[in-house]
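J.: So the sequence lines, in the order shown, correspond to chains A and B. By our numbering, the letter at position 2 of the first sequence is numbered 2, and the numbering carries on one by one without gaps. Count along the second sequence from 1, then add 131; that gives the number in our numbering.
Take these hints with a grain of salt, some might be off.
Estimated spans, in silico, between C-beta atoms of each pair [to be verified]: (1) A:Tyr123 with B:Phe235: 37 to 45 Å; (2) A:Glu117 with B:Gly245: 55 to 63 Å; (3) A:Leu16 with B:Pro221: 46 to 54 Å; (4) B:Ala322 with A:Tyr123: 19 to 27 Å; (5) B:Ser144 with A:Asn120: 30 to 38 Å; (6) B:Ser144 with A:Glu77: 41 to 49 Å; (7) A:Val19 with B:Lys300: 48 to 56 Å; (8) B:Leu225 with A:Lys118: 33 to 41 Å; (9) A:Val126 with B:Gly243: 54 to 62 Å.
If you want the footprint, here are the derived chain A segments under chain B, 3+ residues with CB under 8 Å [claimed, not checked]: (10) 65–76; (11) 83–97.
List time: in silico PhoX-like cross-link candidates among lysine-lysine, alpha-carbon distance up to 25 Å [said to hold, decoys possible]: (12) B:Lys306 with A:Lys118; (13) B:Lys306 with A:Lys106; (14) B:Lys315 with A:Lys118; (15) A:Lys97 with B:Lys306; (16) B:Lys315 with B:Lys156; (17) A:Lys118 with B:Lys366; (18) A:Lys97 with A:Lys83; (19) A:Lys106 with A:Lys79.
Think of the hints as simulated: they come from the structure by calculation, not from any bench. The structure displayed is predicted, hence computed values, not measured ones. Glycine included, each C-beta is placed from N, C-alpha and C at the ideal position.
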Amino acid sequence: MRERKFKVTIGDKTVLVKVEEITEAEALTVQRTQIKPRVVERTNEAPMIAITQEPKQTPSGTGVVRAPIPGVILSIECKVGDKVEAGDILLMLEAMKMENAVYAPKSGIITKIVVSEKQNVKYSEVLLEIS
Amino acid sequence: MLSDYFGNVVMISIGCLLIYLAIKKEYEPLLLIPIGFGAIMVNIPFSGLMEEGGIFRLIYELGILSELFPILIFIGIGAMTDFGSLLERPWLMLLAIPAHLGIFIAFFAALGLGFNPLEASTIGILGAMDGPTAIFVASKYAPHLLAPITVCAYSYIASIPIIQIPISKLLTTRKERLIRMEYKPRSYPRAVRIIFPIAVTLITGIIAPAGVPLMGALMFGNFLKESGVVNRLSKTAENEISNISTLLMGLTIGGTMMADQFLRFETLLIFGLGLLAFISALTLGILSAKIACVLTKGKINPLIGATAVSAFPMAARTAHMIAREEDPDNWLLMQAMAVNAGGQIASVVVGGVVLTYVALLL
Numbered sequence: 001m002r003e004r005k006f007k008v009t010i011g012d013k014t015v016l017v018k019v020e021e022i023t024e025a026e027a028l029t030v031q032r033t034q035i036k037p038r039v040v041e042r043t044n045e046a047p048m049i050a051i052t053q054e055p056k057q058t059p060s061g062t063g064v065v066r067a068p069i070p071g072v073i074l075s076i077e078c079k080v081g082d083k084v085e086a087g088d089i090l091l092m093l094e095a096m097k098m099e100n101a102v103y104a105p106k107s108g109i110i111t112k113i114v115v116s117e118k119q120n121v122k123y124s125e126v127l128l129e130i131s
Numbered sequence: 132m133l134s135d136y137f138g139n140v141v142m143i144s145i146g147c148l149l150i151y152l153a154i155k156k157e158y159e160p161l162l163l164i165p166i167g168f169g170a171i172m173v174n175i176p177f178s179g180l181m182e183e184g185g186i187f188r189l190i191y192e193l194g195i196l197s198e199l200f201p202i203l204i205f206i207g208i209g210a211m212t213d214f215g216s217l218l219e220r221p222w223l224m225l226l227a228i229p230a231h232l233g234i235f236i237a238f239f240a241a242l243g244l245g246f247n248p249l250e251a252s253t254i255g256i257l258g259a260m261d262g263p264t265a266i267f268v269a270s271k272y273a274p275h276l277l278a279p280i281t282v283c284a285y286s287y288i289a290s291i292p293i294i295q296i297p298i299s300k301l302l303t304t305r306k307e308r309l310i311r312m313e314y315k316p317r318s319y320p321r322a323v324r325i326i327f328p329i330a331v332t333l334i335t336g337i338i339a340p341a342g343v344p345l346m347g348a349l350m351f352g353n354f355l356k357e358s359g360v361v362n363r364l365s366k367t368a369e370n371e372i373s374n375i376s377t378l379l380m381g382l383t384i385g386g387t388m389m390a391d392q393f394l395r396f397e398t399l400l401i402f403g404l405g406l407l408a409f410i411s412a413l414t415l416g417i418l419s420a421k422i423a424c425v426l427t428k429g430k431i432n433p434l435i436g437a438t439a440v441s442a443f444p445m446a447a448r449t450a451h452m453i454a455r456e457e458d459p460d461n462w463l464l465m466q467a468m469a470v471n472a473g474g475q476i477a478s479v480v481v482g483g484v485v486l487t488y489v490a491l492l493l
């Protein structure tokens with residue numbers, strides 16, 4: 001589609017990023033079909049760049065991920081021992097018939113997954129932990 | 132001779148376009164597929180579908196002019212809708228009042244363009260962004276405009292993200308969009324869920340008696356679900372009744388899209404005024420949410436104002452999505468759904484008010 005390549009340099013490291021432009025209406029479909037934004041190509045030793053807009057800094061730095069709203073766990077996109085970057089999709093949560101991706105609040109290793117697929121979760125219930 | 136049928140060719144193409152949008156873009160496929168196919172069928176010369184005794188004519192008179200299908204569909208919608216998030220924070224429903232004033236803007240614009248008051252009311256109701264309500268009012272006040280009104284309502288409802296996203300971004304600042312709304316789950320007795328549909332029917336029925344068929348149907352469907360003892364009935368309302376009515380209603384609305392009636396300047400005007408109604412409703416909703424934001428010292432994210440009319444639940448999802456786009460940790464969904472469910476109820480009330488009082492005033 002409307003795909004363009006960008007070279008991003010941070011310090012002395014350079015990353016090649018492929019960016020595909022989509023319309024806002026398509027963004028809804030992307031969200032629905034769970035397409036995960038990812039870095040397509042990168043040079044060796046280059047730092048990973050999270051494409052999601054401004055990954056949130058959790059001030060406490062705790063890796064406990066809680067349910068932001070009540071819903072049902074549709075799918076779990078990671079497993080214990082996986083290394084995740086801030087902004088990676090951890091799991092899909094269905095609430096009010098809408099599928100939502102829950103992103104990693106920080107980078108680290110998944111140490112514990114408390115919930116299972118198809119499980120109902122309450123607001124603020126612990127979902128998983130990142131070291 | 133052949134040029135006599137040029138309009139039919141245009142209408143068959145429009146039918147194909149609706150089908151294309153439904154399949155390719157997933158624009159309200161449940162409605163646009165039957166509407167598009169119905170439009171193709173009825174525009175084949177000498178098919179006689181909409182003539183006296185024709186099968187579309189029969190379904191049209193029995194199901195649409197009689198208002199049966201919108202009512203049955205509302206029973207289904209009621210059974211599908213969870214008003215729980217609204218019951219947890221009912222004050223958010225207040226946002227629905229200013230948002231529905233958008234109806235007046237389209238109403239006066241339609242009067243100014245030469246539509247009569249009943250037609251103008253029907254066009255104004257498009258601003259409530261609710262398909263069955265628009266059909267219900269149109270079948271009473273302006274049955275000759277049923278086809279353009281219905282196609283207009285459903286096309287715009289299907290494209291709600293395309294309309295809502297730019298308006299929301301234009302009218303709010305980034306700081307406002309980043310506002311997080313604290314989610315406090317509240318518990319309330321189960322009796323509240325059971326009493327709610329009955330109370331809404333009674334209260335709104337006294338305010339606007341002519342709206343009882345619509346509101347009563349919506350709340351009856353919800354009552355089937357919340358009563359908890361007639362699961363079979365609530366499942367039937369949600370699935371079979373709503374599916375059969377949608378199918379037949381769509382096909383026959385397509386049947387009203389006959390070239391000589393649809394291909395008029397009026398249709399273009401209705402599409403223009405419908406867009407004006409949608410934009411006014413979204414704008415007023417967001418602006419009043421901005422005022423609410425100031426009054427509550429920044430506790431309300433103005434994005435949820437755009438969900439204060441109907442277009443349920445797409446408007447709420449879109450507001451939630453806009454907020455998450457800038458801050459993935461901002462979850463507005465529950466609050467947006469509450470406003471949107473309140474907007475759905477308010478739209479039906481407004482339909483009832485128009486049916487009760489416009490007729491009295493004329």
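J.: Which of the numbered hints are not met once you compare them with the structure shown?
T.: 5, 7, 12, 15, 16 and 18
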